[in-house]
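Whenever a hint applies, use it, and build me the whole structure from the sequences.
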Amino acid sequence: MKPIGIWGWVATAILFVLLLLAPQLAPRLHLALTICTDVLLFAIAAMAVNLLLGYTGVLPFGNAAFFGLGAYGAGLSIQNFHVGFITSLVIGTLAGVVGAVLIGPFLLRRRGIYFALLMIAFGQVFYFIAYRFTNITGGEDGMNFTRPPLEGLGIHLQDAGFYYAILLIFTLVVVGFWLLVRSPFGRTLVAIKQNEVRARYLGLNTDRFIFVALMISAAIEGLAGACYGLSIMFAYPLLLDWHQSGDIVLMTILGGAGTIFGPLVGAIIYVIGEDILSTALPWWQIPLGALFVACVLGFPKGLLGTALDLLPGRKNRIEPGHDLDFAAPIIADRETTR
Amino acid sequence: MSDLLLEAKGVGKRFGGVHAVEDVSLRVYAGSINAIIGPNGAGKTTFFNTLSGFYFPDAGSVSFTGADVTRAPSYDRVRMGMGRTFQTSSVFPELTVYENLAVGIESADNLSFRFRTLSRAQRATLDQKVDRLLGFVGLGAVAHRPLAELAHGSQRLCEIAMSLSTEPKLVLLDEPMAGLAQAETSRVVSVIRNLHAELGLTVLFVEHNMRVVLSLAQQITVLDRGRVLATGTPTEISANAEVREAYIGKEVIEHV
Numbered sequence: 000m001k002p003i004g005i006w007g008w009v010a011t012a013i014l015f016v017l018l019l020l021a022p023q024l025a026p027r028l029h030l031a032l033t034i035c036t037d038v039l040l041f042a043i044a045a046m047a048v049n050l051l052l053g054y055t056g057v058l059p060f061g062n063a064a065f066f067g068l069g070a071y072g073a074g075l076s077i078q079n080f081h082v083g084f085i086t087s088l089v090i091g092t093l094a095g096v097v098g099a100v101l102i103g104p105f106l107l108r109r110r111g112i113y114f115a116l117l118m119i120a121f122g123q124v125f126y127f128i129a130y131r132f133t134n135i136t137g138g139e140d141g142m143n144f145t146r147p148p149l150e151g152l153g154i155h156l157q158d159a160g161f162y163y164a165i166l167l168i169f170t171l172v173v174v175g176f177w178l179l180v181r182s183p184f185g186r187t188l189v190a191i192k193q194n195e196v197r198a199r200y201l202g203l204n205t206d207r208f209i210f211v212a213l214m215i216s217a218a219i220e221g222l223a224g225a226c227y228g229l230s231i232m233f234a235y236p237l238l239l240d241w242h243q244s245g246d247i248v249l250m251t252i253l254g255g256a257g258t259i260f261g262p263l264v265g266a267i268i269y270v271i272g273e274d275i276l277s278t279a280l281p282w283w284q285i286p287l288g289a290l291f292v293a294c295v296l297g298f299p300k301g302l303l304g305t306a307l308d309l310l311p312g313r314k315n316r317i318e319p320g321h322d323l324d325f326a327a328p329i330i331a332d333r334e335t336t337r
Numbered sequence: 000m001s002d003l004l005l006e007a008k009g010v011g012k013r014f015g016g017v018h019a020v021e022d023v024s025l026r027v028y029a030g031s032i033n034a035i036i037g038p039n040g041a042g043k044t045t046f047f048n049t050l051s052g053f054y055f056p057d058a059g060s061v062s063f064t065g066a067d068v069t070r071a072p073s074y075d076r077v078r079m080g081m082g083r084t085f086q087t088s089s090v091f092p093e094l095t096v097y098e099n100l101a102v103g104i105e106s107a108d109n110l111s112f113r114f115r116t117l118s119r120a121q122r123a124t125l126d127q128k129v130d131r132l133l134g135f136v137g138l139g140a141v142a143h144r145p146l147a148e149l150a151h152g153s154q155r156l157c158e159i160a161m162s163l164s165t166e167p168k169l170v171l172l173d174e175p176m177a178g179l180a181q182a183e184t185s186r187v188v189s190v191i192r193n194l195h196a197e198l199g200l201t202v203l204f205v206e207h208n209m210r211v212v213l214s215l216a217q218q219i220t221v222l223d224r225g226r227v228l229a230t231g232t233p234t235e236i237s238a239n240a241e242v243r244e245a246y247i248g249k250e251v252i253e254h255v
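Chains A and B supply the protein sequences, listed in that same order. Following numbering that gives the first Met the number 0, the numbering of the first sequence begins with 0 at its first residue and continues without gaps. Following numbering that gives the first Met the number 0, the numbering of the second sequence begins with 0 at its first residue and continues without gaps.
Here are a few chain B residues that face chain A, going by a calculated C-beta distance under 10 Å: (1) P72; (2) S73; (3) M81; (4) R83; (5) P92; (6) V102; (7) G103; (8) D108; (9) T165.
Just so you know, these hints were derived from the structure itself, not from any lab. For glycine and all other residues, C-beta sits at the position ideal for the given N, C-alpha and C.
See below:
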């Protein structure tokens, strides 16, 4: 993968200093700290989407199924088993993985737009389950739960404490993601994205790689959903809905699929933009929609991807994830006669 | 006679009502260079695709290194020692030459499922293997350029190197000269010759360019309208009246 260079490290360091200072900076910018927490949560969710969209070349248009499963996993385990903070996050993460293991084998039968449609359909199945099984999930009204104390210490994380917990999780996900995309596995995913047939003719059973990528993505997404559940102390069916999936895909593309920090940039613009615009304008979705259209048409590498290209010496770098293969062909060596 | 490496028996493939390939048999012995020729629409590429697992045949069987692979997925055949290239170069366009080769080498070394960066020793081994492949096809100077920036001939050479990255016994080349300039053609010809001479690999290729076929191949199979018209050495094929009259054209052969 690309070398990030000294300026990349400097920019990353500045970014993390700003994130560390957010509880002090946010009030001066008239931002609620919960908005900063939301930015990090959705940045984690968008990184999950990024792994599939930007690095593997499949379209996770039903990703909120894993996000919602994470929120419900955390909420139900807190409500029914009174688990602690970390345990609820682990259960939420596992709930996402279980979702991926259930639907993965079906999704893997298709590629391109058909994968996306199948995933939306399966996501809606989870939505309707949450909607219908009222006695477990609270149905349309959702379910309230309390944020449990941290295991061992008995500390209730609130406000800045909760923000820093989420920042720690975000940092761990970023580091893990960075290591993953630089590993042979990450390189293999990018190869599959660019030319799946060639990858198979290098002896790679591409289905297995995409399945593992899907599970990793679902784990990250489930973790993000569990964090979100703990943040708002609430889980409701719309978290599983395809609108929610669309929002997270939008953040990923806006920031730049195929870049490490693109999802964070997208989440900052989307979450803060929504917060500012929705109080000022009743039709706040329109400017965000216009920005998204401009992004896809004008700079499909996203804001960060385009900015990185403008840096000196980077002009000719071709990065994975700049083209969105919405109509990627169904791979040919899977014969109909099988 | 040396070992039988690849054998197709009575292979047939239909697309809708069209018999693209019908009752085609072929034997490839270890250490030989073999060519499949024929006019457009003769079924060369279709037959080739049944050998490499891109399609599964409707009839007949394919065996490789003694095992039946008629319905084996492509990646299993590759792991058994079959490499292939495509008529239009099939590479990872946005990855560098180095990375294109690394994907195949890591696959062969069972490192593709490694979730951490390579260790220093693994990295050194990888670099060494990449260098050897780059040296073989002569692409050392552009190792860190993305494939999309390279000329067509260089992409083709990189694709051949990729097909070698999985350490094959048999290399299948689908029209390796297609769309190449004259200078590039002679470079690819010498690389193919070295696949056999230097690396001792078995080669099977499909080709239109008659001069290339007659100068490279030891064994030639002529396809016409989906069937085998003739099989033999270059001398036998150029002397075969049926082949001459059917379609090759007298002047082509006389000029060689």
